[in-house]
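Chains A and B, in that order, give the protein sequences. Residue numbers for the first sequence follow the numbering used here, beginning at 1 and rising by one. Residue numbers for the second sequence follow the numbering used here, beginning at 346 and rising by one.
Keep in mind that a hint or two might mislead.
Below, a list of computed lysine-lysine pairs in the BS3-like style, where the Cα atoms sit at most 25 Å apart [stated by the list, open to error]:
1. A/Lys-248 <-> B/Lys-389
2. B/Lys-386 <-> A/Lys-337
3. A/Lys-242 <-> B/Lys-615
4. B/Lys-386 <-> A/Lys-81
5. B/Lys-386 <-> B/Lys-520
6. A/Lys-151 <-> B/Lys-624
7. B/Lys-499 <-> A/Lys-155
8. B/Lys-439 <-> A/Lys-248
9. A/Lys-242 <-> B/Lys-386
10. A/Lys-155 <-> A/Lys-81
11. A/Lys-151 <-> B/Lys-524
12. B/Lys-520 <-> A/Lys-242
13. B/Lys-594 <-> A/Lys-309
14. A/Lys-301 <-> B/Lys-615
15. B/Lys-389 <-> A/Lys-81
16. B/Lys-499 <-> A/Lys-248
17. B/Lys-520 <-> A/Lys-337
18. B/Lys-594 <-> A/Lys-155
19. B/Lys-615 <-> A/Lys-155
20. A/Lys-248 <-> B/Lys-524
21. A/Lys-151 <-> B/Lys-594
22. A/Lys-242 <-> B/Lys-499
23. A/Lys-337 <-> B/Lys-524
Using C-beta positions, here's what the derived DEER-type ranges look like [what the hints assert, rightly or not]:
24. B/Asn-514 <-> A/Phe-195: 54 to 60 Å
25. A/Lys-301 <-> B/Val-405: 28 to 34 Å
26. A/Ala-293 <-> B/Thr-589: 30 to 36 Å
Just so you know, the hints here were simulated from the structure itself, not pulled from any lab data. Source: prediction; values computed, not measured. Beta carbons are placed, not taken as given, at the ideal position from N, Cα and C, and that holds for glycine.
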Amino acid sequence: MAAGLNRDKPGSQIKANIYSQAHIQLKTKSNLNQFILESKLSNNPSSLCSLKILIIHQRMAAAIEHTVLQFAPSSAKISAKLHPLVLFNICDCYVRRRDQAERVIGTLLGSVLPDGTVDIRNSYAVPHNEFSDEVALDIDYHHNMLLSHQKVNPKEVIVGWYSTGLGVTGGSALIHEFYSREVPNPVHLTVDTGFRNGESTIRAYITVNLCLGDRQLAAQFQEIPLDFRMVEAERVGFDLLKSTMVDKLPTDLEGMEVSMHRLLALIDDVYLYVDNVVEGRVEPDNEIGRFIADTVASLPKFSPQAFDKLVNDNLQDRLLLVYLASITRTQLSLAEKLNTAAQIL
Amino acid sequence: MATTNSNTVPRSFLQVASAEEVASPLRVVQIEGLVILKIIKHCKEFSPALVTGQLLGLDVGSVLEVTNCFPFPVREEDEEIEADGANYQLDMMKCLREVNVDNNTVGWYQSTMFGSFQQVELIETFMNYQENIRRCVCIIYDPSRSNQGGLAFKALKLSDSFMDLYRNNNFTGEKLREKNLSWVDIFEEIPIKVTNSALITAFMTELEGDSPVAQCDYDRLQLSTNQFMESNMEFLMDCMEDLTMEQQKFQYYYRSLSRQQSQQQAWLQKRRAENNARKAAGEEPLPEEDPSNPVFKLIPEPSRLESFLISNRIANYCNQINGVAGQSFSRLYLMKALHD
C-alpha cells in the first residue's frame, strides 16, 4: 500500500533513504563479496524508481507474503572446476586479440557433474565489438564453433562464458542474459590478464535473478568457489608450463632424477623436523607426528632375506627383458645384413 | 672482408628469390604449452581409441612453430561423413582465423598405444600432407606412457630419401641398396621445444601449488610397471610374427627366383644344343631369347616397406622396454635404499 503511495511522488527525500535501506538489506540478505545490481532498464530513471519502490514494497510485504519479490532459489553449493587448458586458451586468445580490443570474450564448454559442480574443460573465443556500453557478440560465429566442437566431443556442452578483466563489468549482464538463453545457470568466469591486483585474479560467478512474479528485474552476480584442476598440469610438469622456453622435453630418466631429488629433499625435511622435535627446538605437533608414523608404517615389514629376494627377482626379470630386447635388436640388424647379402648374390 | 662484401651485395632480386627457395632443413619443432595440453586432453578423452587432429602454426626458417591445433572428429568410413569432415576442417580454420590464430597447417597429431604408430597409413597421410605443405610434421602422443610420469611426445617426419623412393614406389632391394636406405632411415625424429607466452608463465607461476610433490612424481615412483611391460612384450611378439611372415615371403621369392633362373639356364642350354644341331644340318639358328616363354616372365619382387615398418616398430618396443626397465632399476634401488 505504501509503495503505491510513494510511486506518485518520485524524487522525494524519503525515497533515497528507502533506497539505501533496501540496498543494505539486499546486501546482508545474500551475504556476498560481489554485489552488482544491474537492471537492463537502468538508464530509464522512472523504471529505476519503480524498481526501488518495488524493493520497498517487498520489505513491507515481507511480513505478510514472501513470494512477491524474490531471488530465484540459489543452489547454494554450486562450485566450478577449471582445467588448465581453459586458462591457456584464454591467455592465448588474449595475446592474439584484435587491435584496440580491450578484452576477449568466449564460450566455456564442459559438463555439469551430478553434484552440481560445473566442470569447465574447454573454451573458445567469440569475436565481439564494444562501443561505450554496448557489446555485440558474433552469434553466428558462436554457433558455428559450437557445432564444430560438438562434432568432436558431443559430451561437452556450453556451461557459461568468460571474459578477461577484473570482476564483473557493466556489459556483463547483457552477455550473461544471452548465455542464459543457451543454457540454464551459466557460469561467468573472469580472468584478470592485467594483474591489476598485483596477483592473478580468476573468479567464477553465477547470477541470481531478482524477479517479481514473472518479471525479471535484475540479475545479481554471485561469486562461487573455483577449484583449479591442476592434476593434468602436474602430469605434464610445471617446469614445462611455467617457463617461456624449454629447450627439450625431459627424458624418462631425467624425470626420474628430478623426482628422486624431490623425494630426497622431502625425506631430509622430515629428518630435520624430527631431529628438531627430539632436541626440543620445535614444539611437537601431534598431527605431523601421526602423519610421519603412518608413512613409516606404510612400509611393509619384510625380513631382509625376503626383501633381498624380492628385489633380486624383480631385477632379474627386468634384466631378462632388457636382454631379450637387445637380442631382438641384434636379430634385426643381422636379418637386414643377410637380406642385403642375399641380394648381392 | 671487402671482397666478400662485393660478392654478396650486387645480387639481383631474382638471385635472392631463388636462393630463398632452398629451404633450410627442419631442426626444431617449437610447441606451445597450449597445444600440448590440447593434444593431451583430446587423446586422453578418447583413449584407448586412436584420434587425430590438425596442427596450426608458422614455418620460420629451420624452426616449425606449432601455435595451435584442433581435433578431428572420430573418423567414419562413410563417404558422406568424410566430406563432412573436410567441411569441418574448413569451418574450423575459418573460425580460428577470425580470432587471429595462425591458420597455416603445419602437420597433424595422433595418439598411439605403446608406440605402434609406424604403419603404412601414417606414411600415406604424410605423403598427402607433404603434397600441400613443404614442411610438415607429425606429433605422436602416447597416453599409455604418460601414466608413468613421462611425457611421451614425439615429432616425426619422413626422411627425404625415403619420400623419393615412396613416390616412385621403388622398394626393391636394388634401389634400397643404391640409396643406402635401411629401416632406421624412414622416420626422422625432430627435437621438440616448448614455449609459453609471458602471460601464461605469470599465471602458472602464481597457480603452482605449494606442495613440492606433483602428480608426475607419484606416477614416476610407481613401482608396478608389469602391465606396461607385458603389453609391450605382447606387441613385440606379434611384430616378430609379422616379420617372420614377411621374411617367408622373401624366402619364397628368392626360391622361386632361383628356380626360374635354373629353368632359364636349362632352356637356354636346350636351345643352344638345338641350334648347334640346326647349324650342323645347315638350317637358320633359332633366336636365343623368347619373350613369350613363361620362363622369362619377371617375378615381381615383394615390397620391403612392410618389413621395414615392422622392424621400426620392433625397434621402438625394444627401446621402450629398455627405457622402462632402466627406470624400474632405479626405482628398485631406491626402494632398497629406503628399506635399508
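Quick rundown of the hints versus the structure:
no., hint, in the structure
1, A/Lys-248 <-> B/Lys-389, "23 Å, holds"
2, B/Lys-386 <-> A/Lys-337, "43 Å, violated"
3, A/Lys-242 <-> B/Lys-615, "81 Å, violated"
4, B/Lys-386 <-> A/Lys-81, "15 Å, holds"
5, B/Lys-386 <-> B/Lys-520, "43 Å, violated"
6, A/Lys-151 <-> B/Lys-624, "81 Å, violated"
7, B/Lys-499 <-> A/Lys-155, "29 Å, violated"
8, B/Lys-439 <-> A/Lys-248, "32 Å, violated"
9, A/Lys-242 <-> B/Lys-386, "19 Å, holds"
10, A/Lys-155 <-> A/Lys-81, "16 Å, holds"
11, A/Lys-151 <-> B/Lys-524, "45 Å, violated"
12, B/Lys-520 <-> A/Lys-242, "49 Å, violated"
13, B/Lys-594 <-> A/Lys-309, "46 Å, violated"
14, A/Lys-301 <-> B/Lys-615, "85 Å, violated"
15, B/Lys-389 <-> A/Lys-81, "18 Å, holds"
16, B/Lys-499 <-> A/Lys-248, "11 Å, holds"
17, B/Lys-520 <-> A/Lys-337, "15 Å, holds"
18, B/Lys-594 <-> A/Lys-155, "47 Å, violated"
19, B/Lys-615 <-> A/Lys-155, "76 Å, violated"
20, A/Lys-248 <-> B/Lys-524, "32 Å, violated"
21, A/Lys-151 <-> B/Lys-594, "43 Å, violated"
22, A/Lys-242 <-> B/Lys-499, "21 Å, holds"
23, A/Lys-337 <-> B/Lys-524, "15 Å, holds"
24, B/Asn-514 <-> A/Phe-195: 54 to 60 Å, "58 Å, holds"
25, A/Lys-301 <-> B/Val-405: 28 to 34 Å, "59 Å, violated"
26, A/Ala-293 <-> B/Thr-589: 30 to 36 Å, "57 Å, violated"
Taken one by one, the earlier hints fail for this structure at numbers 2, 3, 5, 6, 7, 8, 11, 12, 13, 14, 18, 19, 20, 21, 25 and 26, listed in ascending order.
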